[in-house]
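Participant: Sequence:
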Amino acid sequence: MAIVVGVRFKKAGKIYYFDPVNTEVKKGDFAIVETARGVEYGEIVTNSKEVEEADLVSPLKPVIRKATEEDAVKVEENHNKEKEAFNLCAKKIKTHNLDMNLVEVEYTFDVSKIIFYFTAEGRIDFRDLVKDLAAVFRTRIELRQIGVRDEAKMLGGIGCCGRSLCCSTFLGDFEPVSIRMAKDQNLSLNPTKISGICGRLLCCLKYENYLYTDKKKNCACSHNKERQLVPKPGMMVATPTGDGRVMAINRSQQTAAVELAPGNTITVGWDEMVEASKVEK
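Count along the sequence shown from 1, add 3, and you get the number used in the numbering used here.
No lab work stands behind these hints, which were simulated from the structure alone. Note that the structure is predicted; figures quoted are calculated from it, not measured. Don't take every hint at face value.
[To be verified] Heads up, simulated DSSO-like pairs for lysine-lysine below, C-alpha to C-alpha not over 30 Å straight-line: (1) K116 <-> K77; (2) K95 <-> K69; (3) K52 <-> K64; (4) K97 <-> K116; (5) K97 <-> K69; (6) K14 <-> K29; (7) K86 <-> K17; (8) K97 <-> K134; (9) K196 <-> K95; (10) K29 <-> K17; (11) K84 <-> K13; (12) K94 <-> K29; (13) K116 <-> K17; (14) K30 <-> K97; (15) K69 <-> K14; (16) K14 <-> K94; (17) K95 <-> K84; (18) K86 <-> K13; (19) K84 <-> K134; (20) K30 <-> K77; (21) K13 <-> K116; (22) K77 <-> K17; (23) K69 <-> K29; (24) K69 <-> K84.
Turn these sequences into a full structure, and let the hints steer you where they fit.
Facilitator: In structure tokens form, the structure reads like this:
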């Protein structure tokens, strides 16, 4: 077992583990740590804890020291430099007539590297651009192409629910989302309704998917053991009120919207209906 602390470098960013050594840092503190990119400034988001060494990426980097007020001032100065670097790079991109969209610029804490994040439709030959930027900043330059989901995470925004984007507020990692999740939840398959501002499927389709998946499995077991009806949209069923067609189902509450006649739709529990074809005449 290894003793580690979790460090996050960006809001809603991925959590990385570091060896606290004897720094006595705790959750809420800021620290200076050694990373593969160089020396970085990050926030401690988990207290010291034991983790299986098999779950860690070796070798485990150390926490150099607890951050000071001077470090915070330096970080703020770096942010101001990032704005200037962004404007300069945007002009260089226009000068070289490159078909790329600059998203964000990031300085490492020790200013040993500047990372330019951009999006583009395909591969971009930016060798001349890198030479120009290196001549101006006189440090290591990295241009990193990102996807549209990463772009939305960096820029932030308001989702269709009216709240700040999940990816830019609390989601550390993107999880796979499929159209099957929308189908299982009986949602409209209209792309404009199930897609986020990034143009990809909404991340929140994943949140309740386990509920619908478990309900579906439980319904299948119930159907096999107790012969309880599991209705489907379009199925003709008999209810205590009369025969009708299933228009929609609610798996979580095990109810269905049944249309008895045009303009007359009722909500019926699954245990209160049987398939119309099986009703004894």
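Participant: All hints, please: hold or fail.
Facilitator: Okay, the hints, checked on the actual structure:
At most 30 Å may separate the alpha-carbon atoms for a hinted pair to count; K116 and K77 meet this at roughly 15 Å. For the hint linking K95 to K69, the alpha-carbon distance of about 38 Å lies beyond 30 Å, and the restraint is violated. Simply put, K52 and K64 have alpha-carbon atoms about 15 Å apart, close enough for the 30 Å limit, and the pair holds. Restraint check for K97 and K116: satisfied, since their Cα atoms lie roughly 23 Å apart, inside the 30 Å limit.
Taking the CA atoms of K97 and K69, the gap is about 41 Å. The hint is violated against a cut of 30 Å. Proximity of K14 to K29 is assessed by CA-CA distance (about 18 Å); at most 30 Å being required, the pair is judged to hold. Only pairs whose Cα atoms come within 30 Å are accepted, and K86 paired with K17 is accepted, the gap being roughly 23 Å. Between K97 and K134 the alpha-carbon distance is near 15 Å, which keeps this suggested pair within the 30 Å criterion.
Distance restraint check for K196 and K95: the Cα-Cα separation of roughly 38 Å exceeds the 30 Å cut-off, and the hinted pair is therefore not satisfied. Restraint check: the Cα-Cα separation between K29 and K17 comes to about 18 Å, which is no more than 30 Å; the hinted pair holds. With a CA separation close to 17 Å, the supplied pair K84 and K13 stays within the 30 Å bound. This hinted pair does not check out: K94 and K29 have alpha carbons roughly 43 Å apart, beyond 30 Å.
Annotation: proposed proximity of K116 to K17 holds, straight-line Cα distance about 20 Å (limit 30 Å). Proximity of K30 to K97 is assessed by CA-CA distance (about 44 Å); at most 30 Å being required, the pair is judged violated. Distance restraint check for K69 and K14: the Cα-Cα separation of roughly 19 Å lies within the 30 Å cut-off, and the hinted pair is therefore satisfied. Distance hint between K14 and K94 is fulfilled; the C-alpha atoms sit about 28 Å from each other, no more than 30 Å.
For the hint linking K95 to K84, the alpha-carbon distance of about 16 Å falls within 30 Å, and the restraint holds. Simply put, K86 and K13 have alpha-carbon atoms about 17 Å apart, close enough for the 30 Å limit, and the pair holds. A distance of roughly 19 Å separates the Cα atoms of K84 and K134; the hinted pair therefore holds under the 30 Å criterion. Among the hinted pairs, K30 with K77 is consistent with the structure: their alpha-carbon atoms are about 22 Å apart, no more than 30 Å.
For the given pair, K13 sits about 17 Å from K116 by alpha-carbon distance, which is consistent with the 30 Å threshold. Proposed proximity of K77 and K17 is supported: the alpha carbons are some 23 Å apart, at most 30 Å. The straight-line distance between the Cα atoms of K69 and K29 is roughly 10 Å, inside the 30 Å bound, and the hint therefore holds. Distance hint between K69 and K84 is fulfilled; the C-alpha atoms sit about 24 Å from each other, no more than 30 Å.
Checked against the numbered hints given earlier, this structure breaks hints 2, 5, 9, 12, 14; the rest are met.
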